[in-house]
Amino acid sequence: MAEAIQQLILDTLDKQGTIKDTRTLVLPGQIDPAATHDAQIIILGALNSLSSREMITYTTQETLSHVLTQEGASIALNGSHEARVWAVLPLKGEGEPVPPKELEKRVGAETAKLGQANAFKKKWIAKDGPGLVKLVSEIVDQTQLDMREVDSTGTLKAGEKALAELRRRKLITQRKGQWFTVHKGPLFSTSIAKPETDLTVDMLTSGSWKTSTYKRYNFDAEGVPTGGGSLHPLMKVRDEIRSIFLEMGFAEMPTSSFVESGFWCFDSLYVPQQHPAREVQDTFYLSDPSTSLPPPEAYYKRVAKVHEHGGYGSTGYRAPWSDTESSKLLLRTHTTATSASMLYKLAAKCRGEEVDDDGLATHSGTTQTHKEDGEESDAFRPAKLFSIDRVFRNETMDATHLAEFHQVEGVVADRGLTLADLIGFMRVFFKKMGLENIRFKPAYNPYTEPSLEIFAFHPQLGKWVEVGNSGMFRPEMLEPMGFPKDVHVHGWGIGLERPTMIKYGISNIRTLVGHKVSIENVESSPAVAFHM
1 MAEAIQQLIL DTLDKQGTIK DTRTLVLPGQ IDPAATHDAQ IIILGALNSL
51 SSREMITYTT QETLSHVLTQ EGASIALNGS HEARVWAVLP LKGEGEPVPP
101 KELEKRVGAE TAKLGQANAF KKKWIAKDGP GLVKLVSEIV DQTQLDMREV
151 DSTGTLKAGE KALAELRRRK LITQRKGQWF TVHKGPLFST SIAKPETDLT
201 VDMLTSGSWK TSTYKRYNFD AEGVPTGGGS LHPLMKVRDE IRSIFLEMGF
251 AEMPTSSFVE SGFWCFDSLY VPQQHPAREV QDTFYLSDPS TSLPPPEAYY
301 KRVAKVHEHG GYGSTGYRAP WSDTESSKLL LRTHTTATSA SMLYKLAAKC
351 RGEEVDDDGL ATHSGTTQTH KEDGEESDAF RPAKLFSIDR VFRNETMDAT
401 HLAEFHQVEG VVADRGLTLA DLIGFMRVFF KKMGLENIRF KPAYNPYTEP
451 SLEIFAFHPQ LGKWVEVGNS GMFRPEMLEP MGFPKDVHVH GWGIGLERPT
501 MIKYGISNIR TLVGHKVSIE NVESSPAVAF HM
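One point on numbering: in full-length UniProt numbering, the residue at position 33 of the sequence shown is 33, and numbering is uninterrupted.
Note that these hints are calculated values from the structure, not bench results.
Accuracy of the hints is not assured; some may be wrong.
[To be verified] SDA-like mimics (lysine to any residue), calculated; alpha carbons at most 25 Å apart, straight line:
#1 LYS432 to PRO446
#2 LYS432 to LYS170
#3 LYS441 to PHE245
#4 LYS170 to LEU114
#5 LYS503 to PRO475
#6 LYS503 to HIS232
#7 LYS441 to PHE457
#8 LYS349 to LEU293
#9 LYS236 to ASP421
#10 LYS441 to HIS401
#11 LYS236 to LEU114
#12 LYS432 to MET235
#13 LYS516 to GLU395
#14 LYS441 to PRO484
[Claimed, not checked] Distance ranges between label pairs, derived from CB positions:
#15 LEU135 to ARG168: 24 to 34 Å
#16 SER74 to THR153: 12 to 22 Å
#17 TYR504 to SER206: 24 to 34 Å
#18 LYS485 to ILE519: 28 to 38 Å
#19 TYR504 to GLU3: 43 to 53 Å
#20 ASP14 to SER206: 25 to 35 Å
#21 LEU91 to THR181: 51 to 61 Å
#22 GLU520 to HIS275: 36 to 46 Å
#23 PRO28 to ARG168: 36 to 46 Å
#24 ASP282 to LYS305: 20 to 30 Å
#25 LYS485 to GLY227: 36 to 46 Å
#26 THR181 to THR153: 13 to 23 Å
#27 ASP486 to GLU520: 39 to 49 Å
#28 GLY223 to GLU520: 18 to 28 Å
No residue lacks a Cβ here, since even glycine has one placed at the ideal position from N, Cα and C.
When you get a sec, could you build the whole thing from the sequences and use the hints?
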């Protein structure tokens, strides 16, 4: 169809030199271009195709016309409402008057209502007792005649005032139209063979490229917009939480080690070697390599002693210590393993020891010894540290759990810290996240005592939800590292996925992380101030 119209335009130009009005073209398929609006749209497509090849040029002429509405088309076919009412009534004195209820049965309720008013106004009908009769034997249904004239010509000879009245009655509507004047272009030809757009190997081999016609490149075209990268919703929330930590004076811990030893992930935190979380069902262990390098020997012995025999005011777990269990390599189950390593470095500096790149304390200059209970050091400096990174747990995956997720963790080390300090800090921290209604509940953690679970009231869900865990690190964890007895450390952790799901209205975590993530949702996710 498109090629046939293009050929018709070219052949007409070849004979006439110019097409003054495309409405005079007789299109294939018995389409009347003068009466059919769609025909000019079809012609425009053909003109644009020929113009892009510089075979023709054209100018556009705009017109205004009118078309019938559905009601107007019905009047053009069946007559106006008033004419239909008049037609079913008897002439006065020649029959029984028609009651209003009977009139509705004959012409319909809407026609009876509209037709009576107009027929009374034109004095075609009148009341005769309880019914209606017509006063004249003949009428001219001008409304029907107007509808037929508009339908055939798109306008009325009566002028704009009559057209405005029909538009007011919603019998016609105005429509913009267009037609075109067409001239020959610089590359005019009666052949519509499409020019080549690519130079192919076959054209080079056969030599046909020498005689082929090529489509000109439009160097002014803007081209398809290129899509830029978008931050994942997790990364947007991560940046918001990270900004809160930095605003509060925290330093970020290095958390690039996804693989940790059982010692740093559990033992250094005073988690018993018999703890259920250390089973294969809860932790991913590595098979190759399966064991880690040894930690600092003196520190390792102090940790083993406090586990097996106690110390620092504790009786310990009084369970056999296993070097094998301590040296196992695993995917870290929490970023607290990094916190333990950083706290050990802080304690080493407190003792005046140097720390190498692996975080191992080394002796320099004079011989350093671990300070026993009650001994103080003047080298301690308070610290505020945080991390946001990935952790791994051997859990069954469902709508709210994955085998890997992100943990947000913070620790504060200073002299004389109390549980009240921790609670006060938590209130400030979560308020910055948009959570002001906070509650705390006693809990148990192997490496913190006392421990608190943190709950916040979620107005959208209408209930309290757990948002984190916190506590004061135990002396059995801190003092083997070498901290003075009056140095306390409080820490807390929250997940990154849960606040992200709440913020962006995501109900299934598998649509937030993994192969089911919607790229469109990632691109459209807003980055705004944190409010849950």
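Outcome for the supplied range 36 to 46 Å, where the beta carbon pair is GLU520 and HIS275: Since GLU520 and HIS275 have Cβ atoms about 44 Å apart, the given range 36 to 46 Å holds.
Mind checking the alpha carbons of LYS441 and PHE457 for me, to see if they're no more than 25 Å apart? holds, 14 Å
24 to 34 Å was suggested as the range; check whether the CB atoms of TYR504 and SER206 agree with it. violated, 58 Å
What's the verdict on LYS503 and HIS232, does the C-alpha distance respect the 25 Å limit or exceed it? holds, 13 Å
In this structure, is the beta-carbon distance linking ASP14 and SER206 contained in 25 to 35 Å? holds, 31 Å
Starting from LYS441, check that the Cα of PHE245 is at most 25 Å away, please. Since the Cα atoms of LYS441 and PHE245 sit roughly 24 Å apart, the hinted pair holds (cutoff 25 Å).
Using the C-beta atoms of TYR504 and GLU3, is the stated range 43 to 53 Å upheld? holds, 50 Å
Restraint status (C-alpha distance of LYS432 to MET235 at most 25 Å): It holds: about 18 Å lies between the C-alpha atoms, which stays within 25 Å.
Quick one, are LYS441 and HIS401 close enough, alpha carbons at most 25 Å? holds, 23 Å
Checking one constraint from the list: CA of LYS349 to CA of LEU293, max 25 Å. Satisfied? With Cα atoms ~22 Å apart, LYS349 and LEU293 stay inside 25 Å; holds.
Between LYS485 and GLY227, does the beta-carbon spacing fit 36 to 46 Å? Roughly 58 Å apart at Cβ, these two residues miss the hinted range, so it is violated.
With 18 to 28 Å as the target window, see if GLY223 and GLU520 comply at their CB atoms. 22 Å Cβ-Cβ, so the 18 to 28 Å window holds.
The structure shown violates the earlier hints numbered 1, 2, 5, 9, 11, 14, 17, 18, 25, 27.
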